[in-house]
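Student: Residue numbers (my numbering), protein chains in the order written: chain A, 1 to 170; chain B, 171 to 601.
The hints are simulated quantities; they were obtained by calculation from the structure and are not laboratory data. Some hints here could point you the wrong way.
[As the list claims (entries may be wrong)] Cβ-to-Cβ under 7 Å is the rule here; a few derived chain A residues that face chain B:
1. A15
2. S25
3. F27
4. A52
5. G62
6. M90
Virtual Cβ for every residue (Gly too), placed ideally from N, Cα, C.
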Amino acid sequence: MSIFNRLAKRAYTGAEVVVALLLGSMFVTFILQIIFRYVLSLPIGWTVEWVAIAWLWGILFGYAFVVRDRDIIRLDIVYAVMPEGVRRAMDVITGLTAAAILAWTLPKCWEYVDFMKIERTAYLRWPMNFIFMIYIPFAVAIIVRSLLSVWSALLGKTHAKIAPEGHDYD
Amino acid sequence: MTDPFILSLILIAVLAVMGLSVGIAMLCGSFVYLMLKGFDPSLAAETMMQGLFNGYTLLAVPLFILAADIMNIGSLADRLLQFSRSLVGRFRGGLGHVNVVSSLIFSGMSGSAVADAVGMGRIIINMMTKDGKYTPAYAAAITAATATVGPIIPPSIPMVLYALVSDQSVGYLFAAGIAPGLLMALVMGITNAYMARKRNFPTDEAVPLRELPKITWKALPALMLPVILLGGIYSGVMTPTEAAAVAALYALIISTVFYRSVSLRDFYGALLGSARSTAAVGILIAGALAFNYVITREQLPIKVNTMIQSFELSQVSFLIIVNLIFLGLGCILEAGALLLIVVPILIPTASALGIDLVHFGVVLVVNGMLGLITPPYGLLLFITANITRQPLTAVIRELIPFIIVLITALMVITFTPDFVLFLPRLLGYQG
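Same shape as in the complex, but just chain A:
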């Protein structure tokens, strides 16, 4: 394994730990909220805020860095029956389009995120631009991933097949 691969693998494991912790913290916070409200009769406000932050970050960070190709919700019907050449062409088109749109809108989104520094959350008093900041690495990661899928389509690889077991929200 090259150094680059090893580093990538480490980073991926690290990202996995982050999302697992985010979800774990949501879980624990909810339990605390229930205990404080009903058992101790001491309602606490920060719990609602923290779970909302963990949810937002869990989704955007998780989708950008942890969700695998086969976990993504996509329409598979047409794609799956196409000959490989067509699928590769489709990957190139979708990858370039998504990367272009997200890159084109990135500066404006950056402005919005930055503008949100004027607002703070109600209890924790955290500046909102910190919370919404996650959009930037999310968008950049999606752009990079889209371009990587274009690259691998050019090299002759197409999307992984969908793994239905992972879709346990349906």
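Starting from the structure of chain A, add chain B where the hints point.
Tutor: Quick look at chain B alone, frame taken from chain A:
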């Protein structure tokens, strides 16, 4: 409808059909719409993040996923199967009935059909096909069919998604699912009984009745979960979102303390797997939030309403058309995507026609679940065919009778709102 809107719709459709993530396709479409309109495109990112950040109800989704994942690593499914087996195994086609009953019980604890098929499904399929008692295709078919009850009986992830886009109460939606879920289990039980007679399926070894108390006692901690969940929600002690956290905690406690079957490593695995699923479905929700802003801006729901009003459709014909559309779309889309994309457009029309929106939600979720077992894109079908290593066509053939009876049940659910709504009304629903 304006040209930018039509263009963005086409863009989303083309990107999605070509295999781009549906959520990202909707986000891209929203960006393009805003740019063509000359608005600030960051509005799409803003709507998406504000929607997620303020969507408190939605937080039930990751927690229900986590609860089901924890149940699936423990030996909870085993206990429930033993319990169901001792109840209905003695009849002809016994393991088929065990399948129906255990799915029904599991659905009271998990909010996902896929989690049901993956966890319980694998074990019951092994039980059914061992010694060649049932054909693998039949085992796969009945397991896929019974898993559809999962999100109808509360808790239910799809109903939380419907609540988000329709602004209805999760609690009442959950209550409204109970009678339809029981009906679905009943018609599948009857189908299995009929098949068992026709094809001479074996009875399972009868568990002596005197062992029933012991088996029930062993399964009791698991059987209590639906009681705690529903009791907690309807007594007002906890919100459905908190109930989801309690479900996960309870599953964790009984799996570790009573059944001693979950290690720390397993728990981490469940957290990671759930976080992954959460992000995958979360980006779909995020894309839908962004695109719903576009839809609202274009006043599409109102226009659809005006158009449908001009056809002077009755409630009944509207419901029939919606059912047909959903059954059709269900063949190619996942239930979650279907609910998030199509429902917002139909809500104003449904309420203008005087359709109760809780009833409407149940009809649509049942529809979405049927979509999970109808080819070509049926997640449950894929899962059970995979477990049994059967070709899809063989499983589909065995599924047809179940699909027929489930569609019949869907018709009953669609045209008798009182059947669906009497429980929520008992709990105080004014509708």
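Student: Mind listing which of the numbered hints don't hold for this structure, in increasing order?
Tutor: 1, 2
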